[in-house]
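Colleague: Each protein sequence line maps, in turn, to chains A and B.
Quick note on the numbering used here: the first sequence kicks off at 206 and runs consecutively.
Quick note on the numbering used here: the second sequence kicks off at 206 and runs consecutively.
These are calculated hints, taken from the structure and not from any lab test.
This structure is a prediction, so every number in the text was calculated from the model and none was measured.
Don't take every hint at face value.
Any copy, or any two copies together, can satisfy a pair, since identical chains are not distinguished.
Stated by the list, open to error - Straight line, CA to CA, 20 Å or less: simulated DMTMM-like cross-link-like pairs of lysine to aspartate or glutamate:
id: 1; residue 1: K283; residue 2: E416
id: 2; residue 1: K283; residue 2: E383
id: 3; residue 1: K283; residue 2: D257
id: 4; residue 1: K283; residue 2: D428
id: 5; residue 1: K283; residue 2: E432
id: 6; residue 1: K424; residue 2: E270
id: 7; residue 1: K366; residue 2: E309
id: 8; residue 1: K424; residue 2: D371
id: 9; residue 1: K283; residue 2: E427
id: 10; residue 1: K366; residue 2: E383
id: 11; residue 1: K283; residue 2: D330
id: 12; residue 1: K283; residue 2: D412
id: 13; residue 1: K424; residue 2: D251
id: 14; residue 1: K283; residue 2: E358
There are 2 protein chains.
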Amino acid sequence: MTSDRSAEIRVSEIFGPTIQGEGVLIGLPTVFVRTGGCDYRCSWCDSLHAVDSRYRDEWRAMSAEEVWREITRLSGGKSVMVSLSGGNPAIQPLGELIARGHSEGYRFALETQGSVARAWFADLDVLVLSPKPPSSSMETDWQAFDACLRMSEGRPQTVLKIVIFDEADYAYARATAERYPHLPVYLQPGNHTPPPADDDDATIDIDGVMERMRWLVAKITEDRWFEARVLPQLHVLLWGNKRGV
Amino acid sequence: MTSDRSAEIRVSEIFGPTIQGEGVLIGLPTVFVRTGGCDYRCSWCDSLHAVDSRYRDEWRAMSAEEVWREITRLSGGKSVMVSLSGGNPAIQPLGELIARGHSEGYRFALETQGSVARAWFADLDVLVLSPKPPSSSMETDWQAFDACLRMSEGRPQTVLKIVIFDEADYAYARATAERYPHLPVYLQPGNHTPPPADDDDATIDIDGVMERMRWLVAKITEDRWFEARVLPQLHVLLWGNKRGV
């Protein structure tokens, strides 16, 4: 068998259906394709098992057809929302998978920090751009971010989702929203306790998450930022940082 | 001053802005106008202070202009989503208030069981129809419900929200969704611990709510009901049943 290795998708995990825990699709049954590898190293990354190369052995190079078969198996062949996440899924070749799924009525949402633009963003149903605030210790490349936005003109519903831990993150979110006034904004209180990938039972700082959530609600209402939505990570409240749910 | 008593709105409370805790607008800053009085008596009503006539002394008859002034005071004059709830807000004369708010860029969502149809439903931005399942001990009048739907043809985004405690409620939700396949469906795990209106600190059965939430997610994914969304009452998770937040 000849294979075009360049067209293979590096997959960390495929799981679901379970509900989307975050952002614009919160509560919606979803199959998750988490790709392996990331051009960022956020200080508080909650998916290190899909980012850090020390987990590379757990990742699997799969063809679009192989990923598609796993999605249809999990969903029993019934069309469902598919979330492409990571890591940064934008560094994977996902256009073929999206085309394959669309032909069967599946929908695709992609979540990325907006550091790498791809022509196939235009084929998505939902594009969640999640630029990383100062607490991540990452620097946003706005030129790359704008390129992602240009790619998504047309089809996908495009929204901003910004994780917030502190005042500096909040100021970053305000500035980002002002830069893109046409994009809906979802703010998400940060979770300080990413577990090691091999410990599903790590204790989550739920009280901290809820406290930041209440603080964020107070901030946006005091500032009369009435266009922003504030949502916690539901799956963390329901299942902790357990993987596969 | 002459007054047209029939045009007065019976108000239980006006509060906010705080985030909408439920359904399609979850997470969005909102000012809440909770009207007093209801044609239903759901067994698990979580807003008895706006329903039961023994709280009638706490309700205030206000003109649309008075309600409007309070909304603008709370929102600092900045346009915001206004949630009209109750009780059953459909039994109040809210058309004038909606027109007044629209002229200043405010938006209006109304939540009702769908037992009373009003021509002014057509002027809403969002209509949340929340028919009550068997556990409520109420009987749905589908003729009245259909009349509500007919009123809302045109402008408002219309969705179903159904509270679910048990299998019978779930079956009711399925049947309702099948009856109205074009309406988005939001399922909400029931909260068994409505506090007395004078006890903000009543202990909420958070564990029970979260358990029902996990059960509901398992149900819809097993049944491949991939169009439904499952969302808890965020405000209950954040603040318990405390009023005014």
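Colleague: With reference to the structure, classify each hint as holding or not holding.
Modeller: Hints, verified against the model:
For the homomeric pair K283 and E416, neither the shortest alpha-carbon distance inside one copy (39 Å) nor that between copies (26 Å) is at most 20 Å. In this assembly of identical chains, the alpha carbons of K283 and E383 lie at most 20 Å apart only when taken from different copies (17 Å versus 40 Å within one copy). For a Cα distance limit of 20 Å, the shortest separation of K283 from D257 qualifies neither inside one copy, at 33 Å, nor across copies, at 45 Å. Proximity of K283 and D428 under a CA criterion of 20 Å is satisfied inter-copy only: 10 Å between copies versus 44 Å inside one chain copy.
In this assembly of identical chains, the alpha carbons of K283 and E432 lie at most 20 Å apart only when taken from different copies (11 Å versus 35 Å within one copy). In this assembly of identical chains, K424 and E270 lie within 20 Å of each other by CA distance neither inside one copy nor across copies; the values are 46 Å within and 29 Å between. Taking the closest pair of Cα atoms, K366 and E309 never come within 20 Å of each other, the shortest separation being 28 Å inside a single copy and 28 Å across copies. Taking the shortest alpha-carbon separations for K424 and D371, only the intra-copy value of 11 Å comes in at or below 20 Å, while the best inter-copy value is 37 Å.
For a Cα distance limit of 20 Å, the shortest separation of K283 from E427 across copies, 12 Å, qualifies, whereas the shortest one inside one copy, 44 Å, does not. Within a single copy, K366 and E383 get their C-alpha atoms as close as 14 Å, which meets the 20 Å cut-off; across copies the closest is 33 Å, which misses it. In this assembly of identical chains, the alpha carbons of K283 and D330 lie at most 20 Å apart only when taken from the same copy (17 Å versus 32 Å across copies). Neither within a single protomer nor between protomers do K283 and D412 lie at most 20 Å apart by alpha-carbon distance, with minima of 38 Å and 32 Å respectively.
Taking the shortest alpha-carbon separations for K424 and D251, neither the intra-copy value of 24 Å nor the inter-copy value of 27 Å comes in at or below 20 Å. Taking identical chains as interchangeable, the C-alpha atoms of K283 and E358 are never at most 20 Å apart, the minima being 28 Å within one chain and 30 Å between chains.
Hint violations for this structure: numbers 1, 3, 6, 7, 12, 13 and 14, all remaining hints satisfied.
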